[in-house]
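Asker: Given next are the chains, with one letter for each unit.
There are 2 protein chains.
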Amino acid sequence: MDSDFGIPRQLSDLQKLRSLYQPDLPPCLQGTTVRVEFGDAAEAADPTDAHTISRCFPLTYGQPLAHFLRATAKIPDAQIITEHPAIRVGIVFCGRQSPGGHNAVWGLHNALKIHNPNSKLLGFLGGSEGLFAQKTLEITDDILSSYKNQGGYDLLGRTKDQIKTTEQVNAALTACKDLKLDGLVIIGGVTSNTDAAQLAETFAEAKCPTKVVGVPVTLNGDLRNQFVETNVGFDTICKVNSQLISNMCTDALSAEKYYYFIRLMGRKHSHVALECTLQSHPNMVILGEEVAASKLTLFDLTKQICDAVQARAEQDKNHGVILLPEGLIENIPEVYALLKEIHSLLKQNVSADNISSQLSPWASALFEFLPPFIKRQLLLHPESDDSAQLSQIETEKLLAHLVETEINKRQESDMKAGTYKGKKFNAICHFFGYQARGSLPSKFDCDYAYVLGHICYHILAAGLNGYMATVTNLKNPVNKWKCGAAPITAMMTVERWSQNPSVASIGIPAIHPATVDLRGKAYELLRQNSSRFLLDDLYRNPGPLQFEGPGADAKALSLCVEDQDYMGRIKKLQEYLDKVRAIVKPGCSQDVLKAALSVMSSVTDVLTVMSSSGNHKSF
Amino acid sequence: MDSDFGIPRQLSDLQKLRSLYQPDLPPCLQGTTVRVEFGDAAEAADPTDAHTISRCFPLTYGQPLAHFLRATAKIPDAQIITEHPAIRVGIVFCGRQSPGGHNAVWGLHNALKIHNPNSKLLGFLGGSEGLFAQKTLEITDDILSSYKNQGGYDLLGRTKDQIKTTEQVNAALTACKDLKLDGLVIIGGVTSNTDAAQLAETFAEAKCPTKVVGVPVTLNGDLRNQFVETNVGFDTICKVNSQLISNMCTDALSAEKYYYFIRLMGRKHSHVALECTLQSHPNMVILGEEVAASKLTLFDLTKQICDAVQARAEQDKNHGVILLPEGLIENIPEVYALLKEIHSLLKQNVSADNISSQLSPWASALFEFLPPFIKRQLLLHPESDDSAQLSQIETEKLLAHLVETEINKRQESDMKAGTYKGKKFNAICHFFGYQARGSLPSKFDCDYAYVLGHICYHILAAGLNGYMATVTNLKNPVNKWKCGAAPITAMMTVERWSQNPSVASIGIPAIHPATVDLRGKAYELLRQNSSRFLLDDLYRNPGPLQFEGPGADAKALSLCVEDQDYMGRIKKLQEYLDKVRAIVKPGCSQDVLKAALSVMSSVTDVLTVMSSSGNHKSF
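Chains as they are written, first to last, in numbering that gives the first Met the number 0: chain G, 0 to 618; chain F, 0 to 618.
In short, the hints are calculated from the structure, not lab data. Hints are not guaranteed to be accurate.
To be verified - Every beta carbon over 10 Å from chain F, so not counted as near; a handful from chain G, in silico: (1) Q29; (2) G30; (3) A40; (4) P63; (5) H83; (6) A132; (7) G150; (8) G151; (9) E289; (10) T301; (11) P332; (12) Y335; (13) Q410; (14) E523; (15) L596; (16) S601.
As the list claims (entries may be wrong) - Derived DEER-like restraints, expressed as beta-carbon distance ranges: (17) T173(F) / P370(G): 46 to 54 Å; (18) T296(G) / K420(F): 47 to 55 Å; (19) K256(G) / E574(F): 47 to 55 Å; (20) E166(F) / K423(G): 20 to 28 Å; (21) K15(F) / Q9(G): 30 to 38 Å; (22) E313(F) / P370(G): 37 to 45 Å; (23) I6(G) / S350(F): 51 to 59 Å; (24) Y20(F) / L606(G): 53 to 61 Å; (25) I6(F) / A70(G): 50 to 58 Å; (26) V608(F) / K423(G): 19 to 27 Å; (27) D45(G) / E313(F): 52 to 60 Å; (28) Y20(F) / L379(G): 41 to 49 Å.
Source: prediction; values computed, not measured. Cβ coordinates follow ideal geometry from the N, Cα and C atoms, glycine included.
Take these sequences, add in the hints, and give me the full structure.
Answerer: Encoded structure:
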């Protein structure tokens, strides 16, 4: 209902207070003069992908990183942008709503008006469909007033996730031309930002003057790479879910008779589940990445959980909380194989009723073994990115069912040593899905999105195309945040293989969702504590999302433990190299030159070895 | 695991801050001197029940109301308690955990120690089982420190809900004698407080000196009557759930393609669903009480929801949020009849597999019509109070399924006028159950429970047996709260009939859960707004539970709109009667006496007519 978008909302007292909150800007974005410093050309992390990417994106690959600096920053070759002609910018929500998205609109609108009150921001109504159909709403202070620091995407709405087909891309191109847009800002996750890069390339090729900018907004927290530390919405989602998980832990400990199996939204990867575990300390979490790395089968997982239940029962503990990311199901090897057979048959228009008879003998055996409710859910059509409908597959019920069966078996045969001697096993299942997406955004997400909105303006003012707005050093306070922009193509990788022959996109560069890094510090923190979490009930309740007092300024632990700031280090390196060049300039002494050569030679040797050893993906 | 109870917990920053929060006491409980004023004997609301109750509770029925007053209060015949010998009190959590329960323990402990540092509070470990087994933990300041203002019942734990059988009552009696308890405080809902009254009567009969006191703590909010305005935990539960419901509303409005069907915990009656609706303004709520009053069938409900979906589609709205209380299923007449047949067969030890073949033809037809998942859930054994296992029956999925089928039919036959022309109907189901029970309690619940804990001490100090601690005028700030105690037997009613012949408790007085009053102000507020909620998307987000700033002091709307303070009015009436007696004492003029007689005669006439007209249950 387009006529409903952008209308003032009834706000509760708390919502009203939040609508008055004004996020801070980091020093580099304060005032009306901003300097841009360009770094070296940004390359894809994997050198072997670089060639493919540059072939697909000849006009937008290999552009430099951009750093935004304070007007007073002493960087001699920074570009100072003083001309601020009125510009017209379009903004569109793509993909699933994520708390904080509204603030990116607000930040951009604010930056536009500060630099030229005649600039215009047009919001596309109903997501990418609105872009194609050129349905717009001019963003004004009035319209924004009841959406500032509020959750959801209801200011503009959203529909389909993709701007991908030739028809869609052409419709977007026509819209940008017809509306005479100088810039188009796309708010979304991995898919939408890949689409943004493709649009940027197409626009450049078509000599369309509209510059395309992406903003990393996704609750899944899986748009992570050397340039992007976290995504808008992830912090809020983890806080809302952690509160609920902690409530379940307290509940389990009070009643001492239930095992809660909780499935968490978050798509393919397990970032949300990992962060929530670090916040709430449930007894167990099964990360999809661990299962994939160890190739654990359904049988292995059941055994693992049963062993845990049994170990707890031996300590007279007959309760517990177990977290499962929704993407887990696709990481179980035999289920994945089954899903692919099903999806392939669905693509051949085999009806769901007939699929079971056409499965391979092996897949069929697994399918028949599964309880009816899971069968129905596995038969659902896959999503547009070829993954299963993860939110609809009740993995928690499947595992609870398998564990219950196995525990009952262990209990019956309690003559034998080592079998289960605890109380009757009671599992209760929950899915923490849609209830967090519409939350009031946390202060962190409000600030982060607002700053990203501002950066979008500066990217456009600098005339850059195909960039994503970035903020690094996020674990520090806002006044230490570093603002920049990175070419989206530098975040891409190329998938060279897939078990699923029907996936058409193999070999086409894209931003792929980041997996949880099993060598990263956040995962290490989990590993160090997991056996205590399992047995000692170290439940911790971060409490409901607060906007004042303790906890209001808390940030995601997985953000804080990582030692990121890649963009800051790249800049620091640049400074060292400049310094060496300044010291060892023509005219310096032979000794200085010799020393420099010798040291730099070993530096380059070491780095060459390291770069080729395959460590390059760990940032 | 008894050894785990009462151990210090790892607290988050917010939990630590909360543990330092000190609830205020109303003026009447401040200081060490408290006055008690006794009112008239408290009668059951229904005069026809009174006889049965007094027969079952000869020693504890008909006791007076007690009001606790400030030491400086000018009430001539109030009893001043100045002697505070050291006493020993036991406290036990009965029934389902409810946020705030810990504060009742803290309040009682604090009051005991203020009045005599040698008094002792023993917590029973593991609920009523701990009482029977005499497993205790002495409550100390140290032990309380990490449980103050925290959720759950993990300080002491809880197990079974009931103290009912002769064996259980005798075990409790023995425990109180062995432990030389002067008082036993029972924290719980309708069932546990009924048990408390029974214990009080039994103890009095057995000349056991232990006085029994009940505290109204239940998240269901269904222990309401003329003396009790709300229950500890209800406020928190509604706030946590309203936040999540509001998030779903925002989500629905952002994506514009889903109907969310949300089932809410809250047992048989719909208090939680009503309050959450008043907070969040979802499009629709179906209260069990409405369904029961109008005898709506599954078919009626499906039609009602479909008509709503269709009306919204005609306004181009293809999304929405529908709330369903978990008790709804038992209020649908034909499902209730089916459930009773099933429960009756289960009691005859018919196995679940064989039940469908033994149902009456009519029940069998309904059973066969239902989808398999619901069949399995309806076959579960009933709870100890003979209700179905409401938390396990996915009514939301059943209704979503029926609505989807019907909408698809209306869509297919779109040649006819009046059929559905909206987008494809997509329902997503959620159950908001266990995730709220363990929440950090709201400020209101912290204060309310703490004050109730204090009142328990005063009840014991006054030597009262079979009373419930009460606070009235709760919608006003704490310094206006009125503290008192009411005989539990005065809250009882007698059920004279039941459709279920297997219910053994017919005719036995008990506190019955209060239904949502369809003539009450809270329901009226809903009715006034329901058509706007349905069509206009007036979604409102009270936000996450706050402990500072706006919203932190918000109270349940269903509490604030009602004009309660029954206890205050009873006192006021007493004052008027006393005044009349004082003015018209022997020696007054003939004229004054005549006027008094004439006025009082018409007053008594009016009241006699009103009392017998059946209005007596509306308070």
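Asker: If you check each hint against the structure, which ones fail?
Answerer: 7, 8, 26
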